[in-house]
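**Student:** Spelled out from the first residue to the last, the chains are:
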Amino acid sequence: MALLLIMGRNNTHADLEKDLRGCYKRGDVVEVFDDVKHDGDLVRNPIMPPFILVRVTDVTKAQLDRLISPQVEDFFDLDGAIRSRLVRRRRHLLEVDAATLPNSIRNQIRDNRYVSVTWAQVRNFLRNKETGATEGTTP
Amino acid sequence: MFVDPNSSAGGDGTTDALSGANRAFVSLNAWEAASQADLTGTGVHTVTCKANGATKVDATAVTLTGWTTTSSDYIHVEVDAAYRHAGLYTTGKYHLQVAVNFGTVLTINEAYTRLTGLQVKNTHANTDNTILVNTGVASDGSDGCLFDRVIATHSGTASNRVCVQQWGSIVTYRNCLAYGAGGPNFILTFAGGGAANGTFHNCLAAGGTYGFRSGSSSNVLNATNCYAGGTTTADFSRNSASGSYTTCRNEDGSDSQTTCAYSTSAGGYFTNITAGSEDFTIGASSELINIGTDLSGTFTVDIAGATRTGTWEVGPFNFAAGGASAFPHHYYQMMRR
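One line per chain: the protein sequences are E and V, in this order. Residue numbers for the first sequence follow my numbering, beginning at 1 and rising by one. Residue numbers for the second sequence follow my numbering, beginning at 140 and rising by one.
No lab work stands behind these hints: they were computed from the structure. By construction, the Cβ of each residue, glycine as well, lies at the ideal position given by its N, Cα and C atoms. One thing to keep in mind: the hints can contain errors.
Computed footprint of chain E on chain V, listed as stretches where at least three residues anywhere in the stretch have a Cβ under 8 Å from a Cβ of chain E [said to hold, decoys possible]:
no.	stretch
1	167-173
2	223-231
3	296-303
4	429-442
Heads up, simulated SDA-like pairs for lysine to any residue below, C-alpha to C-alpha not over 20 Å straight-line [to be verified]:
no.	chain 1	residue 1	chain 2	residue 2
5	E	Lys25	V	Thr207
6	E	Lys18	V	Gly275
7	E	Lys61	V	Thr262
8	E	Lys25	E	Arg113
9	E	Lys25	V	Asp151
10	E	Lys25	E	Ala133
11	E	Lys25	V	Ala176
12	E	Lys25	V	Leu178
13	E	Lys61	E	Thr137
14	E	Lys61	V	Thr194
15	E	Lys18	V	Thr207
16	E	Lys18	V	Thr413
17	E	Lys61	V	Gln236
18	E	Lys129	E	Val36
19	E	Lys61	V	Ala198
20	V	Lys195	E	Thr137
21	E	Lys61	E	Lys18
22	E	Lys18	V	Tyr228
23	V	Lys195	V	Thr229
24	V	Lys195	E	Lys25
25	E	Lys18	V	Ser174
26	E	Lys18	V	Asn145
27	E	Lys25	V	Ser174
28	V	Lys195	E	Lys129
29	E	Lys61	V	His263
30	E	Lys25	V	Asp177
31	E	Lys18	V	Leu178
32	E	Lys61	V	Ala176
Here are a few chain E residues that sit away from chain V, every Cβ distance over 12 Å (derived from the structure) [said to hold, decoys possible]:
no.	residue
33	Val32
34	Gln63
35	Arg89
36	Asn107
One chain only, chain V, in its complex shape (with noise of 0.2 Å):
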């Protein structure tokens, strides 16, 4: 199936055409209303989307409910690499991007559900969250969602905006970004019963209340080769849930994390820490370089979808020996274009 808002509202989105019966859907929501299915038995349901001409934006909020999905039978929406951001949040790009008043531009109901390579903000400042995963526990207690290479931002500075929340649910988050809320960014909450538990892999939380934080001692929270940073409150906070850092760095040492800059001239060496301009492509004095676990087991690439060399960095990307970076930066500053 095919998305793709350059297309016309009513085609069947078999394909990714943007005229004619078989033309994509007009949005992801419209996929989602025409798709809603039982998938046992019948393998992956993937959703591509594209932004084929000159609109880039999918302006509707979604939710994903009212499915049945399995861990070989589940849901994946993908952002076709020629229209997905390189690890910068881009309204050149594909983007689902909403102004909903008290609300979730993607929420997340179904277990197993796996997000490559969106980009979703939420512009509205009294809305909370900007991705809402609720999916209860995963019911064979497998790998429950994946989101990889996802970036999550948003609009609100209230301190109870949230780029990413996970009620409950099991999510393994890949190479993510998460920045801008007035909030936690990624924040586990106890819900009904269900604790949550979260694994994040090279990701990077900015801004905001806390960057990882777990809203109950229930919760689970690991996280390997991530970094937080500019936060209120606490880069880190686990708050007595179980889980473990491993080569994790945050600016202001909570959970007795080693220390690392959020700067542009020292630490990280970021490229770009302004609020609204955010570039988290790290320079070549980055104290992030070299310093991570390889993970290269699970997965091999970073959010740009640059394959990983050498000894990893801790955060989102790559930084390539030799002093350049995987992607040399006039091309992330051409994708942000």
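Isolated chain E, as found in the complex (with noise of 0.2 Å):
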């Protein structure tokens, strides 16, 4: 199993390139834990904002750490050599307003900020922000 948490508001920057590239915007993968980071009691340990978190029950976190990775570009600098700089936070997001999204799931995100789900619950919902690809039937 594997824990997303995912971000349940979108930051702002008054500089609106500073926004795009620098802030995390509500559904990112802010990141991806071994099942072990929390037990699914809720009373105990509720999930606060900002974040939601999703177990998905049949994957594990090797499988999915590469959601967490940034969108980035390669540029030239002024000295010709060759940078890379943050166009997204997060590649990957979790649509979690989806018009789509089962209710049973967008009522417990609403209700308790927590789900959890099987890979093919959830997987045409987490989309390649590049690409616009949703995930496969293996993660």
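If you follow the hints, you should be able to join the two separate chains into one complex; please do so.
**Tutor:** So this is what it looks like as structure tokens:
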């Protein structure tokens, strides 16, 4: 099992470029953990804003670690050297506001900021911002 | 705000508790995501890292960006004294250690950021930097970032693996250690039209290609009471950058500095210089003792937090008069476990 720590709000910055490149946005996959990082006891350890926690029951952390990769681009600086710079904090997001997200999942996110799902239930809502593609049947 | 890898995911980080709604953030990365803000007029935003349990490692790379900071409203990442290294990289205390392919463990894009007591390691052979500072030039030209008692090390053996890379930016390094990289340990890079300005006080760099290196003559590199040794190209390489060396020593005499052997039985009389087991505490015969410049107007402690006494030493470790280290060697060994 793996846990996805999801950003539940849009962080903002007055500088629009910095806002786009540097600020986490709702749905961004902030971090991936082994499931030992939360035992599911929401009374003892509720999930607090700005986060949403998604437990994916049939995959491993190692399979999902790539979801926290930033979106970057290469460019030539004034010295002619190739550098990388941030385009978005995360390449992947979970579409927590998608109209097609099943009500049962939507309601759990709304009420508890926590939901436990299978890969099949969530993969079509994990989108690569760069390509627009969602995840396949195997992570 | 508090971070503790022994906490569980989803806390709000307002206390150092390990359970409950107000439990600590589970990682520095989670803190950064939750805390991005315009700090103007709000004072210093401090996050305190602890490791109050069996888990000592924070294992996710962090980028500080998307904030607004000023010279009086800045980010301060500190490790609580009880969970902080004592001058040796140790997995028994809070440490940020990540293996990320072609990335950086800690990237700092916000001017004025301060780090205190952090130890950071990159364990991937293909990863570029352990720490990257890319803040641009502080807008008001003031003191920029400050790294105090920071240890940066790297497992990558290729010559472009770097412990601390400073792209442009203004950074003061105080009692910092960088070693183990295949490439430069501290390197200042002229980037995007911005010169890097690095000031090093009582820092030590060992191994790799360079100890303290400027990649461009446009940069500024000032070093006081610093030591470098064990490099394959040059211990000091200012590369025509402006700046100066004051009471510094190195092994190879590069940049016309006085030599001091990188050895456990001569010169520096370091405790251990074996790769992977480095211990840069100095013995009573060390040539680095009592030759430094007094910087007590700026800071008064060494890398372990011990008050510097008498004439200052070169390097991050104080050596108390009377032949005993201010922190006895067995203490360092204990802290390392």
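**Student:** All hints are to be evaluated individually against the structure, with a verdict given for each.
**Tutor:** Now the hints, each set against the structure:
1. Counting residues of the stretch 167-173 of chain V whose CB lies closer than 8 Å to any CB of chain E gives 4, which reaches the minimum of 3, so the coverage claim holds.
2. Using a Cβ-Cβ cut-off of 8 Å, 0 residues of the stretch 223-231 of chain V lie near chain E, which falls short of the minimum of three, so the contact claim is violated.
3. By the rule of at least three residues with a Cβ nearer than 8 Å to a Cβ of chain E, the coverage given for the stretch 296-303 of chain V is violated, with 0 such residues.
4. Proximity of the stretch 429-442 of chain V to chain E, defined as three or more residues with a beta carbon under 8 Å from a beta carbon of that chain, is not established by the 0 residues found.
5. Taken as a hint, the Lys25(E) and Thr207(V) pair is honoured in the structure, with Cα atoms around 17 Å apart against an allowance of 20 Å.
6. Restraint check for Lys18(E) and Gly275(V): the C-alpha separation of about 13 Å stays at or below 20 Å, so the hint holds.
7. At roughly 19 Å between alpha-carbon atoms, Lys61(E) and Thr262(V) fall within 20 Å of each other, so this suggested pair holds.
8. Of the supplied pair hints, the one linking Lys25(E) and Arg113(E) holds, its CA atoms being roughly 16 Å apart against a limit of 20 Å.
9. Distance check on the hinted pair: Lys25(E) and Asp151(V) sit about 18 Å apart at the alpha-carbon level, within 20 Å; holds.
10. For the hint linking Lys25(E) to Ala133(E), the alpha-carbon distance of about 18 Å falls within 20 Å, and the restraint holds.
11. Simply put, Lys25(E) and Ala176(V) have alpha-carbon atoms about 13 Å apart, close enough for the 20 Å limit, and the pair holds.
12. At most 20 Å may separate the alpha-carbon atoms for a hinted pair to count; Lys25(E) and Leu178(V) meet this at roughly 19 Å.
13. Between Lys61(E) and Thr137(E) the CA atoms are separated by roughly 16 Å; this keeps the pair inside 20 Å, and the hint holds.
14. A hinted pair counts as satisfied when its Cα atoms are at most 20 Å apart, and Lys61(E) with Thr194(V) qualifies at roughly 17 Å.
15. Pair hint Lys18(E) plus Thr207(V) holds up; C-alpha atoms about 10 Å apart against a cutoff of 20 Å.
16. Of the pairs offered as hints, the one joining Lys18(E) and Thr413(V) is violated, with about 44 Å between alpha carbons and a cut-off of 20 Å exceeded.
17. For the proposed pair Lys61(E) and Gln236(V), the alpha carbon gap of about 17 Å is at most 20 Å, so the pair holds.
18. For the given pair, Lys129(E) sits about 29 Å from Val36(E) by alpha-carbon distance, which is inconsistent with the 20 Å threshold.
19. The suggested pairing of Lys61(E) with Ala198(V) holds, with an alpha-carbon distance near 13 Å, which does not exceed 20 Å.
20. Among the hinted pairs, Lys195(V) with Thr137(E) is inconsistent with the structure: their alpha-carbon atoms are about 35 Å apart, more than 20 Å.
21. Simply put, Lys61(E) and Lys18(E) have alpha-carbon atoms about 30 Å apart, too far for the 20 Å limit, and the pair is violated.
22. For the hint linking Lys18(E) to Tyr228(V), the alpha-carbon distance of about 34 Å lies beyond 20 Å, and the restraint is violated.
23. Of the supplied pair hints, the one linking Lys195(V) and Thr229(V) holds, its CA atoms being roughly 10 Å apart against a limit of 20 Å.
24. With a C-alpha separation of about 29 Å, the suggested pair Lys195(V) and Lys25(E) falls outside the 20 Å cut-off, and the hint is violated.
25. With a C-alpha separation of about 15 Å, the suggested pair Lys18(E) and Ser174(V) falls inside the 20 Å cut-off, and the hint holds.
26. Between Lys18(E) and Asn145(V) the alpha-carbon distance is near 32 Å, which puts this suggested pair outside the 20 Å criterion.
27. At most 20 Å may separate the alpha-carbon atoms for a hinted pair to count; Lys25(E) and Ser174(V) meet this at roughly 13 Å.
28. A C-alpha spacing of about 34 Å is found between Lys195(V) and Lys129(E), which places the hinted pair above 20 Å, so the restraint is violated.
29. Note on Lys61(E) and His263(V): the hinted pairing holds, with a Cα-Cα distance of about 18 Å set against a maximum of 20 Å.
30. The suggested pairing of Lys25(E) with Asp177(V) holds, with an alpha-carbon distance near 16 Å, which does not exceed 20 Å.
31. Taking the CA atoms of Lys18(E) and Leu178(V), the gap is about 15 Å. The hint holds against a cut of 20 Å.
32. A distance of roughly 29 Å separates the Cα atoms of Lys61(E) and Ala176(V); the hinted pair therefore is violated under the 20 Å criterion.
33. With 12 Å as the threshold on Cβ separation, the claim that Val32(E) sits away from chain V is violated: the shortest Cβ distance comes to roughly 8 Å.
34. Non-interface status of Gln63(E) relative to chain V is upheld: no Cβ of that chain comes within 12 Å, the nearest being about 16 Å off.
35. The claim that Arg89(E) lies off the interface is violated: its Cβ sits roughly 7 Å from the closest Cβ of chain V, which falls inside the 12 Å cut-off.
36. Every Cβ of chain V is farther than 12 Å from the Cβ of Asn107(E); the closest lies at roughly 18 Å, confirming the non-interface assignment.
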